[in-house]
Amino acid sequence: MSFVLTLTRRAIVGAKGAPSKRPRIEGRVARREQRAAYLFLSPWIFGLVCFTAGPVITSVILSLTNYSIAFPTQWVGLQNYWTMVHDPIFWQSLKVTLTYVLMSVPLYLVAGLGVSLLLNMKRRGVNLFRTVVFLPYVISGVAVAIMWSSLLDPNFGGVNWLLRHLGVANPPLWLESPTWALPAVVLIGLWAVGGGAIIYLAGLQNIPEQLYEAAAIDGAGTWQRFRYVTFPMLTPTLLFVLLTSLVSAFQVFDVVFVLAGGPQGTAGSALNFYLLNMWTQGFGNGRLGYASGLAWILVVISGLVIAVIFRTGGRWVYYEHEG
Amino acid sequence: MNLKAITQGDSGTAPVAELAPEVAVQPRRLVRRGLAIAGSIGWYLGLLLVCAFILLPVSWMLTAALKPDLAPVYTIPPQWFPTHDWHWDNFYRVMVNPLFPFLRYMLNTLFVVFANILGILISCSLVAYPFARMRFRGREPLFYVIIITMLIPWQALVVPQFFFFYHIGWYGTYLPLIIPSFGGNAFFIFLIRQYMRSIPKELDEAARVDGLSYFQIYWRILLPLCVPVLTVCAVFTFIWNWNNLLGPLLYLSNNSQYTVAIGLASLYQGTITKTNMLMAGNLLSMIPPAIVFLVIQKRLIGGIATLGLKG
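Chains as they are written, first to last, in this note's numbering: chain A, 1 to 323; chain B, 324 to 634.
I should point out that these hints are in silico values taken from the structure, not numbers from a laboratory.
Just so it is clear, CB atoms sit at the ideal spot from N, CA and C, and this is done for glycine as well.
Fair warning: there could be bad hints in the mix.
[What the hints assert, rightly or not] What follows is a list of derived Cβ distance ranges for each label pair:
1. 227(A) <-> 392(B): 53 to 59 Å
2. 445(B) <-> 49(A): 51 to 57 Å
3. 547(B) <-> 103(A): 34 to 40 Å
4. 535(B) <-> 126(A): 44 to 50 Å
5. 316(A) <-> 550(B): 40 to 46 Å
6. 83(A) <-> 445(B): 42 to 48 Å
7. 392(B) <-> 86(A): 49 to 55 Å
8. 520(B) <-> 89(A): 45 to 51 Å
[Claimed, not checked] Sample of chain B residues lacking proximity to chain A, with all beta carbon distances greater than 12 Å (derived):
9. 365
10. 434
11. 440
12. 522
13. 526
14. 533
15. 550
16. 580
[Stated by the list, open to error] These stretches of chain B come out as covered by chain A in the derived footprint (C-beta under 8 Å, 3 or more residues):
17. 373-379
18. 506-514
19. 602-612
Make the full structure from the sequences, and use the hints.
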């Protein structure tokens, strides 16, 4: 979501750079240009109506009905939302997702920053390291989940083998334990932390070298250079990564869908993420109207969280051009 | 450790090495040199640990895939490397397995992927062109609409899209997975439009004077120059669709239609699965996106950095 805000800002700045006179559409040539333009736009207009704007409106309407494939649809008003509030499974799934957000987002934020600081140094072999760290970004959630389910097997998996060798007598049961299933998902997500590191690295490389030189002349040490140059210059990137991480943490689906339905997913409700519950209600139980309502509640919750962060971001984010 | 490594590294080593011997023996410089070496070692150690965390799981999967059927894949204590019996034929067997026709899944996925790439390249470049080059009423508001559509989260679209495709009879076909790409994608339209704006305008003005139509300018002049950005779009489309679970999960009902992602998920969730086969299939599923990534790494990373598309 945040990238959109960046894009909007960029688009506005870009528009200011270009001659900003409103295009005056006059004359036959201009009218022909306009007609041609809309012809070029037609695939997108078709897509907008059928696959984006249309569905959004339909979704709101569906959430006010008891739509399911098997039964005739009836208008039920706010009934779906009323049911939700009284459904313990809804609250449970919300709790799981929020816990996951609180556990994973700070961890990924810090780990991604640490890794990208390492990858930002020009040393022999850094390109090879970058390739390895970024590679998990392209691997599917399904493949990652299956790989880790084998590693996290409590008795035969590689992780507990390692833990036993490190002297942990009773390593956790991971996906089979209600307590450890969620941390296991956090650990699995950590494997692909390179996705965030890519964005950090781009931010790091945009910091002008002169700032470090000036700091060095002023006698700034390692920590001071990080504290007073790198960190402030990186705060816009941090906000950006924070917002995208939040969005993806709220929307976790693939990995938990695979794990919760698998042979090890005995932890049950511990992995019942919000969207997994939405999936089960909508496509498992056939309550598609109810599922639409669930979707909108998540949109509102994540939208609120993001708006709060975006508003308070001004306090700690440093934009160079503002001085 | 990390921070020390960062700042000591670049600035520290080179000047010290060039110093005259009598200066170099000064204790402060020795300390500094020592710190630089420590920083270097710390840096390598840190990154090797990170890489081990990423690569060891993959190697675990490889060894699990190579183990024989009868011997349990999991033994106590776990055997990381199979000491004998390397069953490379597992990879072949998983491809032609009748219960789990992995090769079929691969071909199905490739079909969906390439249809999507075609759709994305055609629609997004067509739509980007007027936004980059032409004057028409409603250009600015429509561009904001494009940006706003990027804000719509997928979960709000899942049910109504299913509703729509189900009622027009596309359930159980590949059409719901393919046709939307012909309606354009906001990210890619934006990316291509930005790229087109960087192409000198004189080029198409000259072509206009020569009497080329708008479509000819788009087709013959701008499109060939846009190959770099179109490659980025194609690669993202490849990776996203190769990995897409939700679409196939919603719309494909028949095992012979399955794509790799849903095939693997259902194999994993099945009860009679042999772990070596599962891991062999899983490893195979990772290879195409990994190859694409390795081939076009630089541009892909550039694209992620610009758009902030985080997994």
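Against the structure, the hints:
A beta carbon spacing of about 57 Å between residue 227(A) and residue 392(B) agrees with the range 53 to 59 Å that was offered as a hint. Judged by the Cβ atoms, the range 51 to 57 Å given for residue 445(B) and residue 49(A) is violated: they are separated by roughly 18 Å. In this structure, residue 547(B) and residue 103(A) break the distance hint of 34 to 40 Å, their C-beta atoms being roughly 49 Å apart. About 47 Å separates the C-beta atoms of residue 535(B) and residue 126(A), a value consistent with the hinted range of 44 to 50 Å.
For the pair residue 316(A) and residue 550(B), the supplied restraint of 40 to 46 Å holds, since their beta-carbon distance comes to about 41 Å. At roughly 44 Å, the beta-carbon separation of residue 83(A) and residue 445(B) lies within the given 42 to 48 Å, and the hint holds. In this structure, residue 392(B) and residue 86(A) meet the distance hint of 49 to 55 Å, their C-beta atoms being roughly 50 Å apart. Distance hint for residue 520(B) and residue 89(A): a CB-CB separation of about 50 Å, consistent with the stated range 45 to 51 Å.
With a least CB separation of 9 Å from chain A, residue 365(B) falls inside the 12 Å interface cut-off, contrary to its annotation. The claim that residue 434(B) is not at the interface with chain A holds, since no C-beta of that chain comes within 12 Å of its own (minimum 17 Å). Every CB of chain A is more than 12 Å from the CB of residue 440(B) (nearest about 15 Å), matching its label as outside the interface. At the 12 Å boundary, the C-beta of residue 522(B) stays outside the reach of chain A, the nearest C-beta of that chain being 14 Å off.
In this structure residue 526(B) is separated from chain A by more than 12 Å, as the shortest Cβ-Cβ distance comes to about 17 Å. For residue 533(B), the condition that its CB be more than 12 Å from all CB atoms of chain A holds, with the nearest at approximately 16 Å. Residue-level check passed: residue 550(B) sits 19 Å from the nearest beta carbon of chain A, beyond 12 Å. With 12 Å as the threshold on Cβ separation, the claim that residue 580(B) sits away from chain A holds: the shortest Cβ distance comes to roughly 17 Å.
For the stretch 373-379 of chain B, the stated coverage by chain A is satisfied: 6 residues place a CB nearer than 8 Å to a CB of that chain, which reaches the threshold of 3. Three residues within the 8 Å Cβ limit are the bar, and the stretch 506-514 of chain B against chain A gives 4, so the coverage statement holds. Judged by the Cβ-Cβ criterion of 8 Å, the stretch 602-612 of chain B is covered by chain A as claimed, because 5 of its residues qualify and three suffice.
Hint violations for this structure: numbers 2, 3 and 9, all remaining hints satisfied.
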